[in-house]
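**Q** Hey, can you work out the whole structure from these sequences and the hints?
Take the sequence shown: its letters are residues -29 to -1, 1 to 645, numbered as in mature numbering (1 follows the signal peptide of the UniProt record, and there is no 0).
Any given hint could be a false lead.
[Unchecked claim] Mimicking DSS-like on lysine-lysine, the simulated pairs with C-alpha atoms at most 25 Å apart in a straight line are:
| # | residue 1 | residue 2 |
| --- | --- | --- |
| 1 | 250 | 140 |
| 2 | 95 | 41 |
| 3 | 44 | 95 |
| 4 | 530 | 384 |
| 5 | 353 | 250 |
| 6 | 239 | 250 |
| 7 | 140 | 95 |
| 8 | 239 | 353 |
| 9 | 140 | 240 |
| 10 | 353 | 530 |
| 11 | 250 | 240 |
[To be verified] Derived CB-CB ranges, DEER-like:
| # | residue 1 | residue 2 | range |
| --- | --- | --- | --- |
| 12 | 149 | 474 | 42 to 52 Å |
| 13 | 315 | 577 | 22 to 32 Å |
| 14 | 496 | 149 | 54 to 64 Å |
| 15 | 561 | 129 | 53 to 63 Å |
| 16 | 610 | 440 | 26 to 36 Å |
| 17 | 496 | 288 | 17 to 27 Å |
| 18 | 144 | 499 | 11 to 21 Å |
| 19 | 571 | 465 | 31 to 41 Å |
| 20 | 488 | 298 | 36 to 46 Å |
| 21 | 467 | 595 | 13 to 23 Å |
| 22 | 607 | 561 | 32 to 42 Å |
| 23 | 561 | 614 | 14 to 24 Å |
| 24 | 561 | 180 | 51 to 61 Å |
| 25 | 477 | 41 | 43 to 53 Å |
Keep in mind the hints are simulated off the structure, nothing from the lab.
All C-beta atoms, glycine included, are put in the ideal place defined by N, C-alpha and C.
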Amino acid sequence: MANDVRRRFGAAALVVATACGVLTGAAVAAPAALPSLEFANPGSQALYGAAYDAALDNLARTNTIGYDPKYDKSGLLDPATGLVRAGGGYDQPWTRDASVNSWNATSLLDPALARNTLWAVVDKDGGGALRVQQDDQQWDQVVWATAAWHHFLVTGDRAFLENAYTTTKNTLAIREAATTAGFNRTYGLFTGASFFNDGIAGYPAPPADATESVSTGSMPWPGVASGMFLSTNEVYYAAYVNAANMAGQLGRPAAEAAAYRTKATALKKAINRNFWNPKTGLYDYQLLADGTRGAYQEGTGLAFALLFGVANPAQARSIVANAREMAWGMPDTYPNWARYSDAQPGRHNAIVWPLVQGLWAKALAGQGEQNGFAAETTRLAKLAGGNSGYWEIYNGNTGVVDGGYQRLGDTVKFHWGSEPDQTWSATAFLDMVHSGLFGLRFGPGGLTFAPTLPSGWGDVTLRHLRYRAADLTVTLRGAGTVIRSVTLDGRPAPAELPATLGGAHTVEITLTGAPAGDRDGDGVPDAQDRCADTAGTVGGCLDPEHLEAEDAHNTGGVKTNVNHTGYSGRAFVDGLWAEGAASAFTIHRTTTAPATGTLTVRYANANGDARTMTLSADGRPLRQLSFPKVSDSWDDWGTATFADIPVTGPDPVLTLSYAPGDTARINLDWLGYR
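**A** Printed below as a string of structure tokens:
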């Protein structure tokens, strides 16, 4: 949209939005039936299965909106089908987000919805020619081509491909001729901001300065507009490759595809010549117009280098070995610029966006890096589970919901909010499951599997996965990345399904080759660890005598925070403001026998009176609990103890919820069961 930059940097964005539901408008066609994810391991189901369900809900319900004719500038939208918006704080289908969300998940899960969403960010020039809309973020329009090609591979929709090729061809021609965010012939690279860093907080000085005195956005800075950045040039490279793929698939004259491949080859060489840094073993982030290089790390740039094949095998191994991750995932840019710090991370600097995590996890899976894939996927599952779903940005050191900082002058740093229900955060996790865990690879002729099942996660089944005319139930057994056997409907088969397959079918894949190890470092080997990626002392799971609230499964608006002092662990949780808010704690035990124990809760209550919450065990209400006022300060904490709490089974779940009749509105620090 013409005001795309306002989504993160305009004055209207200064107010943090509350969680939003489905937008109303024209009637939306019934959503496509959604798949389900089932782990045999209860711990995996509680973590990854719950995160998958939340991501599906985010995409298909919260962020699917009705048809609106104002988005039909291409004339190709179906009025009976909706669109995917960018998220809780962003009501439009932004160019990048529409492309990334379709590429990540929507094209697979709901092809009609993805098709409408992709066309919603396409318009026509004065002569009626299709083009990706010409908004104020020109540099990232070309990612649409990658999403469009992927949509065709998933769906086989040739009519879509015809128009997508025209759109891609016209858009690339516009960008090649542009005087701003165009092509620099001296370096053989495209200029303009990096893939999604539309704020100057994502750039070191230079091209910024220490006070960010020109603009909080990135393109008003001359050094950014004329500079060249890794991820943007990789996206252009992919666009050229995919334009060639489209031309070949459509039977266009061979010279058309050849011309795009020639441009792609030249751009790939320029990327490697200008960005590869043998001293760091990584690609540099930036190259300024005067030749100054910036040996910084860009998460999307490194991921794209692996995903698009910009890096050769030796470079790919070097990237995996040398890339720096933060405690809670692959950061956007790294390390902290001098004007930011761990205490005040920049909005696009040394901070974690799930968008980046998803791309990095996909890249690691493609490299066979199972442990790295497991770690990144686990981090995002925990971030979502601990914060009532998928937020826009998280602190890379604490995992707390955090929008990061922005300089506004010599002495002021503005602290942004992190928007709720961010769609590309949710589709990032869906892609971790589909492309990473199950290894779905789409080609013109069919679907192949290259799974990555980490040791300790247990067998897993994806039911009702719709691929063209087929309804698939896919089960992974064992652990590893090496396929030992594949069966289709009980009979031995190759790890590839033809695009012509129709009807219901069952695929079972047995894997081997998982590295032996202890990813969480708790002394329990992954293969025997009940909670393979959570360090603990009870069969490799957290000790129920002290469970931090930030590690609970928090829903209904409950999220992590650090804006008060005195809490234990890395954070506390707030957001118990409305009925339905809840924190669920899994009580891992070494026995299945029924037992009765004592519950202790550390909490803060600076309200004028005692507050109540309802305690449930495995979904069954037990009693209403009272939490007396602690003090007049939210920095003070107290404990309340409750006896005779019954549990049963090896992994009972105790939930504190804001149920009807409760008053809640307290903060939670930890819970202990003994």
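**Q** State for each hint whether it applies.
**A** Structure-based check of all given hints:
Distance hint between residue 250 and residue 140 is unfulfilled; the C-alpha atoms sit about 38 Å from each other, more than 25 Å. With a C-alpha separation of about 13 Å, the suggested pairing of residue 95 with residue 41 holds against the 25 Å cut-off. Restraint check: the Cα-Cα separation between residue 44 and residue 95 comes to about 7 Å, which is no more than 25 Å; the hinted pair holds. With a C-alpha separation of about 24 Å, the suggested pair residue 530 and residue 384 falls inside the 25 Å cut-off, and the hint holds.
Taking the CA atoms of residue 353 and residue 250, the gap is about 35 Å. The hint is violated against a cut of 25 Å. Between residue 239 and residue 250 the CA atoms are separated by roughly 20 Å; this keeps the pair inside 25 Å, and the hint holds. Proximity of residue 140 to residue 95 is assessed by CA-CA distance (about 13 Å); at most 25 Å being required, the pair is judged to hold. A distance of roughly 36 Å separates the Cα atoms of residue 239 and residue 353; the hinted pair therefore is violated under the 25 Å criterion.
Taking the CA atoms of residue 140 and residue 240, the gap is about 22 Å. The hint holds against a cut of 25 Å. A distance of roughly 12 Å separates the Cα atoms of residue 353 and residue 530; the hinted pair therefore holds under the 25 Å criterion. Proposed proximity of residue 250 and residue 240 is supported: the alpha carbons are some 19 Å apart, at most 25 Å. At about 48 Å, the CB distance of residue 149 to residue 474 agrees with the hint of 42 to 52 Å.
Checked against the hint of 22 to 32 Å, the pair residue 315 and residue 577 passes, with Cβ atoms roughly 26 Å apart. Checking the proposed 54 to 64 Å range against residue 496 and residue 149 shows it holds: the Cβ atoms sit about 55 Å from each other. Against the hinted window of 53 to 63 Å, the Cβ-Cβ separation of residue 561 and residue 129 comes to about 58 Å, which satisfies the hint. For residue 610 paired with residue 440, a C-beta distance near 59 Å fails the hint of 26 to 36 Å.
Against the hinted window of 17 to 27 Å, the Cβ-Cβ separation of residue 496 and residue 288 comes to about 26 Å, which satisfies the hint. Roughly 58 Å separates the CB atoms of residue 144 and residue 499, a value that falls outside the hinted 11 to 21 Å. Look at residue 571 against residue 465: about 56 Å separates their beta carbons, and that is not inside 31 to 41 Å. With their beta carbons about 19 Å apart, residue 488 and residue 298 fall outside the hinted range of 36 to 46 Å.
At about 56 Å, the beta-carbon gap between residue 467 and residue 595 misses the expected band of 13 to 23 Å. The supplied range of 32 to 42 Å is met by residue 607 and residue 561, whose beta-carbon atoms lie about 36 Å from each other. Taking 14 to 24 Å as the suggested C-beta distance range, the pair residue 561 and residue 614 conforms, at roughly 22 Å. Roughly 59 Å separates the CB atoms of residue 561 and residue 180, a value that falls within the hinted 51 to 61 Å.
Range check, residue 477 to residue 41: Cβ separation about 44 Å, and the 43 to 53 Å hint holds.
The structure fails to meet hints 1, 5, 8, 16, 18, 19, 20 and 21 from the earlier list, while all remaining hints are met.
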